[in-house]
Amino acid sequence: MEWSNGYVHGIDYPVSFFAEQSPVHLSVGCVVHGVEPVPLDRPFTYMELGCGQGLTSAVLAAANPQGHFYAVDFLPTHVQTAREMVDAASLDNLTVLECSFEQMAGGEIDLPQFDFVTMYGVYSWVDAANRRYIAEFLRRYLKPGGIAYLNYNAMPGWSSALSLQRLLREFGRDSTLSCERQVAQGRALVEALRDQKAAAFARADSDGLGLRLEMLGGKHVDYLAHEYLNQGWDALYSIDVIQAMAAVKLDYVGSALLENSFTQLYLTQGQRELLAGLPNSGMRELAWDHLRNSSFREDIYVRGARMMSPARRDALLERCGVALTLPRSRINLELTLVIGKINADARLADPMIEALLERPHSLVELAALPEIRSRGYGLREVASMAGLLMAGRQAAIFFLSSAGNDQAPAARLNRVIAARSRECDHFQALASPLLGNGVKSSLLQRVAYDQAGHAVLQPESWVQAMAQAVQRQGAKLERAGVALETPHEIDAELRYLAEAIAEQRMPVWRNLNMAPLAATP
Numbered sequence: 001m002e003w004s005n006g007y008v009h010g011i012d013y014p015v016s017f018f019a020e021q022s023p024v025h026l027s028v029g030c031v032v033h034g035v036e037p038v039p040l041d042r043p044f045t046y047m048e049l050g051c052g053q054g055l056t057s058a059v060l061a062a063a064n065p066q067g068h069f070y071a072v073d074f075l076p077t078h079v080q081t082a083r084e085m086v087d088a089a090s091l092d093n094l095t096v097l098e099c100s101f102e103q104m105a106g107g108e109i110d111l112p113q114f115d116f117v118t119m120y121g122v123y124s125w126v127d128a129a130n131r132r133y134i135a136e137f138l139r140r141y142l143k144p145g146g147i148a149y150l151n152y153n154a155m156p157g158w159s160s161a162l163s164l165q166r167l168l169r170e171f172g173r174d175s176t177l178s179c180e181r182q183v184a185q186g187r188a189l190v191e192a193l194r195d196q197k198a199a200a201f202a203r204a205d206s207d208g209l210g211l212r213l214e215m216l217g218g219k220h221v222d223y224l225a226h227e228y229l230n231q232g233w234d235a236l237y238s239i240d241v242i243q244a245m246a247a248v249k250l251d252y253v254g255s256a257l258l259e260n261s262f263t264q265l266y267l268t269q270g271q272r273e274l275l276a277g278l279p280n281s282g283m284r285e286l287a288w289d290h291l292r293n294s295s296f297r298e299d300i301y302v303r304g305a306r307m308m309s310p311a312r313r314d315a316l317l318e319r320c321g322v323a324l325t326l327p328r329s330r331i332n333l334e335l336t337l338v339i340g341k342i343n344a345d346a347r348l349a350d351p352m353i354e355a356l357l358e359r360p361h362s363l364v365e366l367a368a369l370p371e372i373r374s375r376g377y378g379l380r381e382v383a384s385m386a387g388l389l390m391a392g393r394q395a396a397i398f399f400l401s402s403a404g405n406d407q408a409p410a411a412r413l414n415r416v417i418a419a420r421s422r423e424c425d426h427f428q429a430l431a432s433p434l435l436g437n438g439v440k441s442s443l444l445q446r447v448a449y450d451q452a453g454h455a456v457l458q459p460e461s462w463v464q465a466m467a468q469a470v471q472r473q474g475a476k477l478e479r480a481g482v483a484l485e486t487p488h489e490i491d492a493e494l495r496y497l498a499e500a501i502a503e504q505r506m507p508v509w510r511n512l513n514m515a516p517l518a519a520t521p
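No gaps in the numbering here: position 58 of the sequence shown is 58 in full-length UniProt numbering, and each next residue is one more.
Where hints are given, some of them may not hold.
Result set (SDA-like, lysine to any residue): computed pairs, CA atoms no more than 20 angstroms apart in a straight line [as the list claims (entries may be wrong)]:
1) Lys440 / Ala500
2) Lys249 / Tyr133
3) Lys197 / Arg166
Calculated directly from the structure, the hints in this document are not laboratory data.
Start from the sequences, fold in the hints, and give me the full structure.
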């Protein structure tokens, strides 16, 4: 077999940022699940396996200068892009490697022991041999007490779409075709089968297959190639992954999606009692997957998980803060989460949000607010609400020790990312040294960031640069779902957006210690 071992190459995976991979998110997740986390107020080591074009690792390295980061991918084009970004931002705490999982597991590369090992998507995209190499790497290199993050396509949610994946994967076997042609021919066959009333697709409107068919028509070719054409692709049962990790001394901790821990919000009492009566975590997660028809999992593992006492958990929560990541106009207490739509308790959420609009607060400060304390809420209730707002992408929890982090690496990377937005919309996140994480940002927000960083501080002066970026990249502007076509409409919208970024987004960036330097008072 060729060097790629059946993994797609010849087309790059889309540049992506995933906040769930951050050391802060994973350590907070451990606290939520009652497990001792990795301390982040001191140097730590971090490895991303299958880093793609490196945006996640670059943002995390810039936002966590106390950490020593490594990122590996075996596609040379990915590694080149990642290294260019690292060099441009002078990130001396990130090393990008080009090698295979087999080489890593075999100890062929000189590496330290790691506090964190994360991967996004690759675990179910590679073949069984490479999954064994990943497990061996974890056995060999993850420190005792270290945290691993795995996500993967899961059963039983994928069961209705396995035939679709197999159809598309067959086109991936034809090495005479480009990846683009493989995806195009697969799409054409699926559409032809649907036109001919294929019975396998008859229930497309009533299960997960419909979503997959919709995504097939709407997603970009680069994503679809990596999702469907890998020859080792598999959808996995959680109990098999839990057992594979247990074999290398990794304990299952819980979901990295914090909302999944609030089972009282989406499971019935009978369902919760059913899960509680099962003998071990593997059986509970397998049953939970059937209750939820899971098709994708994001899980936290620890090498030797140590459960915390309630007092110890409270002590760690006291070291946490929370900050809004959206302006007031975007805050909505009807939260759209993976578990469904949840209405946050306004009696607790409203006073928290009012305080957070001014500045980030510690959980202790929020719990001490008169409006919160007088209603009988305490630290744990405040922490739970912060977790819900975080799950809803409206806020982020951070460790208070990060307030002293060096802001210069994040500022350098953000300048590089913002400058690249003049030409492309690939790098859609900026680094926050307060959060120790990244914050998603739109094309026009990053163009404005670039302009403000060059001491162009008046929003009306950003409009020309924003218009040039829109024109060069063929971006489309909409207002209330209606495409804007005339030059007058586009100019008016850009002026409105420039003012909105200045008035609403800049204060958020300032609170997160990531405002463009020239725009910082």
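Here is what the structure says about each hint:
1. Lys440 / Ala500: holds (17 angstroms)
2. Lys249 / Tyr133: Holds. Lys249 to Tyr133 sits at ~15 angstroms (cutoff 20 angstroms).
3. Lys197 / Arg166: Status holds; Cα separation ~18 angstroms.
The structure fails none of the hints (numbered hints given earlier).
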